[in-house]
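Enquirer: Chain by chain, the residues run as shown.
2 protein chains.
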Amino acid sequence: MSIVLIGSGNVATHIGVTFAQAGEKVAQVYSRNLAHAHLLADRIGAEPIADWNKISTVEKLYLISVTDASIHKVVEQMPMVNGVVAHTAASVPMEVLSRFPHRGVFYPFQTFTKEKELSFKEVPLLLEANSKATLELLHSLAVKISDKVQQSDESARKRLHIAAVFACNFVNHLYTLADELLMENGLSFEILEPLIRETTEKALSLKPKSAQTGPASRLDFNVMNLHLDNLPDGSLEHQLYQLLSQSIMQKVKSG
Amino acid sequence: MSIVLIGSGNVATHIGVTFAQAGEKVAQVYSRNLAHAHLLADRIGAEPIADWNKISTVEKLYLISVTDASIHKVVEQMPMVNGVVAHTAASVPMEVLSRFPHRGVFYPFQTFTKEKELSFKEVPLLLEANSKATLELLHSLAVKISDKVQQSDESARKRLHIAAVFACNFVNHLYTLADELLMENGLSFEILEPLIRETTEKALSLKPKSAQTGPASRLDFNVMNLHLDNLPDGSLEHQLYQLLSQSIMQKVKSG
Chain Y
114 MSIVLIGSGN VATHIGVTFA QAGEKVAQVY SRNLAHAHLL ADRIGAEPIA
164 DWNKISTVEK LYLISVTDAS IHKVVEQMPM VNGVVAHTAA SVPMEVLSRF
214 PHRGVFYPFQ TFTKEKELSF KEVPLLLEAN SKATLELLHS LAVKISDKVQ
264 QSDESARKRL HIAAVFACNF VNHLYTLADE LLMENGLSFE ILEPLIRETT
314 EKALSLKPKS AQTGPASRLD FNVMNLHLDN LPDGSLEHQL YQLLSQSIMQ
364 KVKSG
Chain Z
114 MSIVLIGSGN VATHIGVTFA QAGEKVAQVY SRNLAHAHLL ADRIGAEPIA
164 DWNKISTVEK LYLISVTDAS IHKVVEQMPM VNGVVAHTAA SVPMEVLSRF
214 PHRGVFYPFQ TFTKEKELSF KEVPLLLEAN SKATLELLHS LAVKISDKVQ
264 QSDESARKRL HIAAVFACNF VNHLYTLADE LLMENGLSFE ILEPLIRETT
314 EKALSLKPKS AQTGPASRLD FNVMNLHLDN LPDGSLEHQL YQLLSQSIMQ
364 KVKSG
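Chain order of the listed sequences is Y and Z.
Every position in the first sequence, counted from 1, becomes a number in my numbering once 113 is added.
Every position in the second sequence, counted from 1, becomes a number in my numbering once 113 is added.
For the record, the hints were derived by calculation from the structure and aren't laboratory data.
Model, not experiment: these values are computed from the prediction.
Take these hints with a grain of salt, some might be off.
Copies of one chain are not kept apart here, so a pair can be met inside one copy or by any two copies together.
[Stated by the list, open to error] Within a straight-line C-alpha distance of at most 30 Å, the following computed DSBU-like cross-link-like pairs (lysine-lysine) qualify:
#1 Lys234 <-> Lys257
#2 Lys366 <-> Lys229
#3 Lys234 <-> Lys322
#4 Lys234 <-> Lys366
#5 Lys261 <-> Lys229
#6 Lys138 <-> Lys229
#7 Lys364 <-> Lys227
#8 Lys227 <-> Lys167
#9 Lys138 <-> Lys257
#10 Lys320 <-> Lys234
#11 Lys261 <-> Lys320
#12 Lys229 <-> Lys320
#13 Lys322 <-> Lys227
#14 Lys138 <-> Lys167
#15 Lys366 <-> Lys186
#16 Lys229 <-> Lys364
#17 Lys234 <-> Lys138
#18 Lys366 <-> Lys227
#19 Lys234 <-> Lys261
#20 Lys257 <-> Lys227
#21 Lys173 <-> Lys320
My request is simple: use the sequences and hints to build the entire structure.
Expert: Structural data, given as structure tokens:
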């Protein structure tokens, strides 16, 4: 018995390729778009399908890795199966899968981009299941691809996801804003590289709160005002500079 | 002729230690607080002083590395010297040093914490001077400690500093908020480490704009609202989540 992947996006691609590399058979890749199913399936020796009637119903794991909003539709349309059905979404309750007797969540806590390879061994895999046996099956597969497998219920997963939005999505957006500020002045993003690397290393080795530097952390209103004068009034950059500085100062004051 | 360091904080310490390691003699370290001057001077074989009358007036470089607000006071009190006087501040004009015939700026574009060593060779050093000869002196010293020396006028320096506040100070603060969100739920910051490392690597290798992921970038209002419901109404975290998501969506819409 093997694995059926439902979805062919970033997460499905990374998981599918990693399972195949670990010697775990992926039987089929389902996508509404057959060409998309092909792209992933052909890489990992699986059968590409775009028709629910073609799904093999006797496999051990059906991993649903589609956008959060599409999970409901997959659950409605997918044939009944006796294997474990799990989704990979942070913010969707396991009970969205209540149609299926064996269900769970298989959430990789990482940011995925198709073009960028990464070492899956380092990716925390957060598991939830509706029974001990189902958890054991998910666990036995998870440890084949990750060294960081742990159990996590819906509420912890949601909290982790919010933290990840701050530490990853919002951080990346600040890099984008910095890049644009430099581009407007003919400067290149590369000059930031040593600073970005050091900021990351410092936060990870010292804990971020004790690594905080900059005008807001030293309550330097002269510099903050000088910077605000240089960001267009009313722009989101101006508002973000103010709000982020205010938030840093609040932490300084509260110790 | 050697170097006199004025100040004994994070930046002065990193520069002083690096000059000493590069075989460049630091003659004196001035601080208002003699004990502070000692801490740095003793590490690098310099004379600690806290009295302006004791400053040697025949050295080649006087490097003022104090808080932005204290530079004026140093300029007022410091005896006249014939060597080059430069400060290390991003947001202070060179002309604050107009009392001195040979003046400049020697700005290391990096975040410094006393407890954290770093490789100074990678730190961009941005130089400005009021004459070609002064620029040459600053340049000859800068290349001894950094591989990334470049000229930069006040306006470029200011722009770089604003970009650095976004890409370093604000980023670190987002890590702090993520850490607190996890702590409130008994979760540890370490679980974020692979995600933080990957976010950094992706932004540096792909350019941040094309590396953007997360609910705002896919206009997933369900997830954004779920997250907002979980952040206390009116809190700075709630406001930041909204404003940062809005800013990400603006970039998505503008392409």
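Enquirer: If a hint holds in the structure, say so; if it doesn't, say that too.
Expert: Hint check results:
1. Lys234 <-> Lys257: within (9 Å within a copy, 41 Å between copies)
2. Lys366 <-> Lys229: Close across copies (24 Å), not inside one copy (41 Å); limit 30 Å.
3. Lys234 <-> Lys322: both (28 Å within a copy, 27 Å between copies)
4. Lys234 <-> Lys366: neither (40 Å within a copy, 35 Å between copies)
5. Lys261 <-> Lys229: Intra 20 Å, inter 28 Å, cutoff 30 Å: intra and inter.
6. Lys138 <-> Lys229: Only inside one copy: Lys138 and Lys229 sit 23 Å apart there, 46 Å across copies, limit 30 Å.
7. Lys364 <-> Lys227: between (37 Å within a copy, 21 Å between copies)
8. Lys227 <-> Lys167: Answer is within: at 26 Å inside a copy they meet the 30 Å cutoff, but 63 Å across does not.
9. Lys138 <-> Lys257: Within one copy, since 12 Å is at most 30 Å while 56 Å is not.
10. Lys320 <-> Lys234: both (24 Å within a copy, 25 Å between copies)
11. Lys261 <-> Lys320: both (21 Å within a copy, 28 Å between copies)
12. Lys229 <-> Lys320: both (27 Å within a copy, 12 Å between copies)
13. Lys322 <-> Lys227: between (33 Å within a copy, 15 Å between copies)
14. Lys138 <-> Lys167: For Lys138 and Lys167, only the intra-copy Cα distance (18 Å) is at most 30 Å; the inter-copy one is 77 Å.
15. Lys366 <-> Lys186: Classified as between; 27 Å across copies, 49 Å inside a copy.
16. Lys229 <-> Lys364: Classified as between: cross-chain Cα gap 22 Å, same-chain 35 Å, threshold 30 Å.
17. Lys234 <-> Lys138: within (18 Å within a copy, 48 Å between copies)
18. Lys366 <-> Lys227: So Lys366 and Lys227 pass the 30 Å test across copies only (22 Å; inside, 43 Å).
19. Lys234 <-> Lys261: within (7 Å within a copy, 35 Å between copies)
20. Lys257 <-> Lys227: For Lys257 and Lys227, the Cα distance is within 30 Å only inside one copy (21 Å; across copies 42 Å).
21. Lys173 <-> Lys320: Neither: 42 Å inside a copy, 40 Å across copies.
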